[in-house]
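K.L.:
Those sequence lines, one after another, are chains A and B. Counting in our numbering, the first sequence runs from 1 upward without gaps. Counting in our numbering, the second sequence runs from 1 upward without gaps.
Any given hint might turn out to be false.
Taking lysine to aspartate or glutamate and the DMTMM-like style, the derived pairs with C-alpha atoms no more than 25 Å apart in a straight line are [as the list claims (entries may be wrong)]:
1. A/K214 to B/D24
2. B/K75 to B/D108
3. B/K75 to A/E200
4. B/K30 to A/D219
5. A/K62 to A/E200
6. B/K30 to A/D77
7. A/K196 to B/E145
8. B/K75 to B/E145
9. B/K30 to A/E140
10. A/K62 to B/D42
11. A/K196 to A/D77
12. A/K97 to B/D24
13. A/K211 to A/D123
14. A/K160 to A/D77
15. A/K211 to B/D85
16. B/K30 to A/D147
17. A/K62 to A/E213
18. A/K196 to A/E140
19. B/K75 to B/D94
20. B/K30 to B/E154
21. B/K140 to A/E200
22. A/K62 to A/E140
23. B/K140 to B/D24
24. B/K140 to B/D108
25. A/K160 to B/D24
26. A/K196 to B/D85
27. A/K111 to A/E140
28. B/K54 to B/E145
29. A/K62 to A/D219
30. B/K30 to A/E176
31. B/K140 to B/D63
Please keep in mind that the hints were generated in silico from the structure rather than gathered at the bench.
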Amino acid sequence: MYRSIFKLLFFVLLSVTCRAQDDSTAAEKPESKILATQRQLRLGVNTSTPVINALASDSLSKRSAYEVTLDYAFKNDVYLVLEGGFGGSTIHYTDLKYNTNNSYARIGIDKSMLQRLFPNDWDMLFVGVRYGIGLINRSEATFSTNDNFWGATTGTIPAKSMTAHWAELNAGMRVELLKHLFAGYNIRAKFLANDKAFRELPPAYVAGYGKVEKSTVFDFNFYLCYALRW
Amino acid sequence: MTKKTNYILLFTLFIMASCSVDRDPCLLPKTTSLRVGAYQIDTSGNKIDSVLAKPIWIALRPDSLIGSIYYSSSKFSLLLSSIHDSCRYILQPDSATASFDTLTFFYDRQLQFLSNACGYTYYFNLTNIRSTYNNIDSVKLTNPEVNTNANTTEHVQIYF
Chain A
1 MYRSIFKLLF FVLLSVTCRA QDDSTAAEKP ESKILATQRQ LRLGVNTSTP VINALASDSL
61 SKRSAYEVTL DYAFKNDVYL VLEGGFGGST IHYTDLKYNT NNSYARIGID KSMLQRLFPN
121 DWDMLFVGVR YGIGLINRSE ATFSTNDNFW GATTGTIPAK SMTAHWAELN AGMRVELLKH
181 LFAGYNIRAK FLANDKAFRE LPPAYVAGYG KVEKSTVFDF NFYLCYALRW
Chain B
1 MTKKTNYILL FTLFIMASCS VDRDPCLLPK TTSLRVGAYQ IDTSGNKIDS VLAKPIWIAL
61 RPDSLIGSIY YSSSKFSLLL SSIHDSCRYI LQPDSATASF DTLTFFYDRQ LQFLSNACGY
121 TYYFNLTNIR STYNNIDSVK LTNPEVNTNA NTTEHVQIYF
């Protein structure tokens with residue numbers, strides 16, 4: 001997974017370099033900054049996470065997450081971003097069984113690193129930050145310990161509601177493939193702020209964050225978006 | 001970048017990110033062992049390891065006995081029962097000699113979550129040890145906390 005992240009970062013850097021070369025050519029001409037002549041609100045759907053979760057799920061472990069995103073260009077190259085979704089997981093290991101469901105929301109900003117080539121150029125290569133919150137419900141868990149010598153034990157852990165807070169650093173891109181229709185991705189580094197709240201049976205998967213057993217998580221999301229302009 | 005390059009880049013990224021490992025392997029130790037050392041006091045009053053020639057530890061389970069034979073050892077690892085708050089072992093210091101002692105370990109059990117990959121295990125807090133003294137001179141509880149950390153001091157010292 002980390003190897004993939006490094007590859008993704010490499011591609012992002014490569015993209016920046018390619019664009020920077022274009023810009024350096026343009027920079028030879030004294031030009032003023034091109035501003036957008038319209039406003040844009042972009043609605044998007046995370047299409048990669050449901051697919052990845054479906055591929056990763058098996059009879060012992062199932063997980064799901066569905067996410068929509070909304071961004072609004074409130075400055076020429078700065079976007080206010082709202083993201084939200086829901087999901088859950090089912091753990092059915094031989095020695096541990098429970099279900100979780102959660103909803104989550106993120107708020108943050110993205111800063112486009114590309115200069116517009118023309119007023120309606122909304123392609124972006126961006127970096128951003130997020131604050132995320134997840135409301136999690138875990139069902140009663142059943143466990144067993146495997147002891148062939150003295151004998152196995154079984155028991156239950158009471159159901160629990162938890163709240164996760166995290167911060168994110170984002171990088172990614174959006175490309176307008178067709179008029180108003182965008183595709184792009186986010187690479188996310190997530191940092192759990194309250195990992196101490198998850199010492200007693202942390203959910204194996206929390207939609208929007210990932211594995212809360214880990215205080216740092218890397219993630220990749222692919223989006224399809226539609227832009228409203230006026 | 002051309003639009004074609006963008007398509008290829010996006011597709012490549014999507015394919016790369018589709019690789020995922022679901023369940024992590026359990027990399028933590030799950031077994032909690034009670035570590036016991038055998039000692040004797042020499043004529044100078046110093047504590048030295050007492051290497052037992054061919055000792056046998058027998059666990060007195062409710063329905064059966066399970067024995068473990070060691071060869072020339074002074075260090076032993078015993079399993080405590082996570083079903084009861086005590087367990088009993090018979091120690092025969094030398095299998096060639098029909099003389100043995102019974103040790104009963106009393107403890108509190110603590111359910112311990114390790115990880116989603118490893119599940120739960122039990123830690124123990126030793127509260128008391130009772131022994132017969134046919135071969136044993138004394139028993140000393142040196143570290144009551146029995147957990148998966150193998151780098152702590154041994155829990156029980158038996159003097160012969």
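K.L.:
Evaluate each hint against the coordinates.
P.N.:
Each hint tested on the structure:
1. A/K214 to B/D24: The given pair, whose Cα atoms are some 12 Å apart, holds under the 25 Å limit.
2. B/K75 to B/D108: Holds - the C-alpha atoms of B/D108 and B/K75 are around 24 Å apart, at most 25 Å.
3. B/K75 to A/E200: Distance of about 34 Å is beyond 25 Å: violated.
4. B/K30 to A/D219: 30 Å, violated
5. A/K62 to A/E200: 21 Å, holds
6. B/K30 to A/D77: 53 Å, violated
7. A/K196 to B/E145: Given pair A/K196, B/E145 holds - Cα atoms ~23 Å apart, limit 25 Å.
8. B/K75 to B/E145: Roughly 18 Å between the alpha carbons, so the hint for B/K75 and B/E145 holds.
9. B/K30 to A/E140: With a Cα-Cα distance of about 23 Å, the restraint between B/K30 and A/E140 holds, given a limit of 25 Å.
10. A/K62 to B/D42: 62 Å, violated
11. A/K196 to A/D77: Not satisfied, since the Cα-Cα distance of roughly 37 Å exceeds 25 Å.
12. A/K97 to B/D24: 16 Å, holds
13. A/K211 to A/D123: 32 Å, violated
14. A/K160 to A/D77: Roughly 42 Å separates the two Cα atoms, so the pair is violated.
15. A/K211 to B/D85: Not satisfied, since the Cα-Cα distance of roughly 35 Å exceeds 25 Å.
16. B/K30 to A/D147: 10 Å, holds
17. A/K62 to A/E213: Satisfied, since the Cα-Cα distance of roughly 17 Å is no more than 25 Å.
18. A/K196 to A/E140: Answer holds: A/K196 to A/E140 is near 20 Å, not above 25 Å.
19. B/K75 to B/D94: Holds, because 14 Å separates the two Cα atoms, which is no more than 25 Å.
20. B/K30 to B/E154: Roughly 18 Å separates the two Cα atoms, so the pair holds.
21. B/K140 to A/E200: Distance of about 34 Å is beyond 25 Å: violated.
22. A/K62 to A/E140: Satisfied, since the Cα-Cα distance of roughly 17 Å is no more than 25 Å.
23. B/K140 to B/D24: Roughly 40 Å between the alpha carbons, so the hint for B/K140 and B/D24 is violated.
24. B/K140 to B/D108: Holds, at about 18 Å.
25. A/K160 to B/D24: Satisfied, since the Cα-Cα distance of roughly 23 Å is no more than 25 Å.
26. A/K196 to B/D85: 30 Å, violated
27. A/K111 to A/E140: 43 Å, violated
28. B/K54 to B/E145: Answer violated: B/K54 to B/E145 is near 28 Å, above 25 Å.
29. A/K62 to A/D219: 18 Å, holds
30. B/K30 to A/E176: 52 Å, violated
31. B/K140 to B/D63: 29 Å, violated
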